[in-house]
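> Going down the list, the sequences are from chains A and B. So in the numbering used here, the last spot in the first sequence is 372, and the numbers never skip. So in the numbering used here, the last spot in the second sequence is 372, and the numbers never skip.
Simulated from the structure, these hints should not be mistaken for laboratory data. Where hints are given, some of them may not hold.
Same chains, same label: a pair holds when it works inside one copy or across any pair of copies.
[Claimed, not checked] Computed cross-link-like contacts, EDC-like style, restricted to lysine to aspartate or glutamate with a CA-CA straight-line distance of at most 20 Å:
| # | residue 1 | residue 2 |
| --- | --- | --- |
| 1 | Lys23 | Asp181 |
| 2 | Lys136 | Glu298 |
| 3 | Lys254 | Glu281 |
| 4 | Lys23 | Glu281 |
| 5 | Lys254 | Asp354 |
| 6 | Lys23 | Asp37 |
| 7 | Lys180 | Glu110 |
Everything numeric in this text was worked out from a predicted model, so none of it was measured.
2 protein chains.
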Amino acid sequence: MFSTTYNEFVQGMSIVLKNDRLLRALTRQNVDVTPVWMMRQAGRYLPEYRATRSRAGDFMSLCQSPELACEVTLQPLRRYAFDAAILFSDILTIPDAMGLGLFFEAGEGPRFRKVIRTRSDVEKLPAISAKSDLSYVIDAVSLIRRELDGSVPLIGFSGSPWTLATYMIEGGGSKDFRQAKAFLYTEPEVMHLLLSKLADAVTDYLNAQIVAGAQAVQIFDTWGGILSTPNYLDFSLSYMKKIVSKLIKEHEGRAVPVILFTKNGGQWLEQIATAEADAVGLDWTTEISSGRERIGSVCALQGNMDPSILYSSPSVIRREVERILANFGKGNGHVFNLGHGITPEVNPDHVSVFVDAVHEISAQYHT
Amino acid sequence: MFSTTYNEFVQGMSIVLKNDRLLRALTRQNVDVTPVWMMRQAGRYLPEYRATRSRAGDFMSLCQSPELACEVTLQPLRRYAFDAAILFSDILTIPDAMGLGLFFEAGEGPRFRKVIRTRSDVEKLPAISAKSDLSYVIDAVSLIRRELDGSVPLIGFSGSPWTLATYMIEGGGSKDFRQAKAFLYTEPEVMHLLLSKLADAVTDYLNAQIVAGAQAVQIFDTWGGILSTPNYLDFSLSYMKKIVSKLIKEHEGRAVPVILFTKNGGQWLEQIATAEADAVGLDWTTEISSGRERIGSVCALQGNMDPSILYSSPSVIRREVERILANFGKGNGHVFNLGHGITPEVNPDHVSVFVDAVHEISAQYHT
Chain A
6 MFSTTYNEFV
16 QGMSIVLKND
26 RLLRALTRQN
36 VDVTPVWMMR
46 QAGRYLPEYR
56 ATRSRAGDFM
66 SLCQSPELAC
76 EVTLQPLRRY
86 AFDAAILFSD
96 ILTIPDAMGL
106 GLFFEAGEGP
116 RFRKVIRTRS
126 DVEKLPAISA
136 KSDLSYVIDA
146 VSLIRRELDG
156 SVPLIGFSGS
166 PWTLATYMIE
176 GGGSKDFRQA
186 KAFLYTEPEV
196 MHLLLSKLAD
206 AVTDYLNAQI
216 VAGAQAVQIF
226 DTWGGILSTP
236 NYLDFSLSYM
246 KKIVSKLIKE
256 HEGRAVPVIL
266 FTKNGGQWLE
276 QIATAEADAV
286 GLDWTTEISS
296 GRERIGSVCA
306 LQGNMDPSIL
316 YSSPSVIRRE
326 VERILANFGK
336 GNGHVFNLGH
346 GITPEVNPDH
356 VSVFVDAVHE
366 ISAQYHT
Chain B
6 MFSTTYNEFV
16 QGMSIVLKND
26 RLLRALTRQN
36 VDVTPVWMMR
46 QAGRYLPEYR
56 ATRSRAGDFM
66 SLCQSPELAC
76 EVTLQPLRRY
86 AFDAAILFSD
96 ILTIPDAMGL
106 GLFFEAGEGP
116 RFRKVIRTRS
126 DVEKLPAISA
136 KSDLSYVIDA
146 VSLIRRELDG
156 SVPLIGFSGS
166 PWTLATYMIE
176 GGGSKDFRQA
186 KAFLYTEPEV
196 MHLLLSKLAD
206 AVTDYLNAQI
216 VAGAQAVQIF
226 DTWGGILSTP
236 NYLDFSLSYM
246 KKIVSKLIKE
256 HEGRAVPVIL
266 FTKNGGQWLE
276 QIATAEADAV
286 GLDWTTEISS
296 GRERIGSVCA
306 LQGNMDPSIL
316 YSSPSVIRRE
326 VERILANFGK
336 GNGHVFNLGH
346 GITPEVNPDH
356 VSVFVDAVHE
366 ISAQYHT
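Chain A with its partners taken away, still in its complex shape (with noise of 0.2 Å):
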């Protein structure tokens, strides 16, 4: 199935677009029709997903599997006019390579054999290289590129140092977050000690997944909403600035746009974009003409339908994707996303007509 050698690769690795309309809305060029793609728009709502999961044996499996993170990034992009693939992987796998122990128990969400709870736990955390220690990752990443053969670009991402700390300290998804806040409190210093170690991680690691082929990335913050606004600044924000400056700024002769999203991070926006990424994810609960209008004039932004809509009929999923596009209007710099992740349970034919009413309605807002 994917036959050609890695030397073939490199020299084959096309680096003309055909659809390069997520790259040119994020950089607030004009484009013809606003780009869409989902966050976990490779996923459990699909059966083809399900069906290659199951091959899989276990979630990591998948994840760890070049191939199969190939395949399932792929999946959604024939069935949907997508105009991105994104990066199938977890969320996790820095704190699964610093030694943590990640693994999913059936019907349950991620879990850490070890956790962090000391300075010491922190002090003892390895530096690792993302071409070393997560070789999986960006081999797939390779993979992928390659096998898109220029028809939308590939976008890589990362957990923001604070979310991965979250689950890091909490050994798993929390409720209320009650180590990692009481952590945050008791012991500030060691805090931002192992936000630090992760600043570099996270760097390394999307990095090597722009040399790899990456050609846009996001940064998820699925946790700094979680926060007091000192804390958010200086426990998330911060460290995703520290990133953005670091990262490659142009590969293969084009620039390599940068999106943050920080879930229920609307009150921040102004904050946020002082990060200087390219673009500003929002989620559904912040209406993008007020964000268009905070932020729009630096940065361009992605959203931000209730990934909910999409449990209800065509006609209310059109209604709802117009309403978004007549808020943000006319102009460049809108990357149409969910506000948060596509849930397992969504009719996959409601994605096409997700998808297809952004391109349709869009155009009149691009002439």
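Start from chain A and add chain B according to the hints.
Only chain B this time, still in chain A's reference frame:
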């Protein structure tokens, strides 16, 4: 223990309040120190609460016994210098009275035996009268008020219509509110019918609490923050507005202030302020200085320390209280509170530190 008869009580009900800081602050009058109470102050972090609860058997028996509800309401006031009591009850008493069959399984959140999924389910919901259908709550209010004997004011409360509706449709708590949102998006008119019925019930419920002795009331919109802006305005805020407009404004010769609290509502403060409640509750993600700047000229603010700070140390707790007080600054219109309910694992000694810090440190802001 509670031997006075109802008539003796009514005749003897003290309308003289020894500590009226809360009511003064909620109506932006001057106070000597900033008043403080805590959401869920009568709760599982207190060993005496756990003892009473285990004596009651299950949680609903505790709620349904006016004597036990009164006992747990008073418990935190015996330990801490809180400036208010808040009725101990469950947020879901109204749907239970409408026939949905609220129950709790060990270690689980609330559940309903019946769920609301169709127009016919909504149409069949009976109108209820708090005085007859929720007499156990109203009796608890009277009893607590008598036992408080004018020491501090009693706050009554209800869930917001939207928040109640989410539980009624989901059949309990939810992570993504799939059913409630699908319902909203596919059957908006039926959702409005449900919310209208709930708004009527909440209005009657809060007014009955006021007549029975509640001296301020709070509407908890725990789940308004999961909505998009237009849906928050249409499906949550508009019903809270309607309720506020129909509440008893004055009782026992004194204004009865209303507090609106939408968790994750920081983006919508200006809109929330248009509901003309006396005070708006802030969760910890919004800076109270910014809240004051935005709406402090039209209402008081309540909040907003991250409850997780109580997991840290006395010095960190004091420093955070200091920061928030300084952030609000000099002048009237601040009721100190957590940004959400206290969690069960908190060390009760830390609550003393918190309450005392508010009183001690705030004096300088009220000269």
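> With reference to the structure, classify each hint as holding or not holding.
Structure-based check of each hint:
Taking the closest pair of Cα atoms, Lys23 and Asp181 never come within 20 Å of each other, the shortest separation being 45 Å inside a single copy and 37 Å across copies. When the C-alpha separation of Lys136 and Glu298 is checked against a cutoff of 20 Å, the pair qualifies neither within a copy, at 40 Å, nor between copies, at 49 Å. For the identical chains of this complex, Lys254 and Glu281 are intra-copy neighbours only, at 12 Å inside a copy versus 50 Å across copies, given an alpha-carbon limit of 20 Å. Taking CA atoms no more than 20 Å apart as the test, Lys23 paired with Glu281 passes in neither setting, with 28 Å inside one copy and 55 Å between copies.
In the homo-oligomer, the alpha carbons of Lys254 and Asp354 never lie at most 20 Å apart, since the shortest distance is 37 Å inside one protomer and 52 Å across protomers. With identical chains, the CA atoms of Lys23 and Asp37 are at most 20 Å apart within one copy only, with a shortest distance of 13 Å there and 69 Å across copies. In the homo-oligomer, the alpha carbons of Lys180 and Glu110 lie at most 20 Å apart both inside one protomer (18 Å) and across protomers (19 Å), since each shortest distance falls under that limit.
In summary, the numbered hints that this structure violates are 1, 2, 4 and 5.
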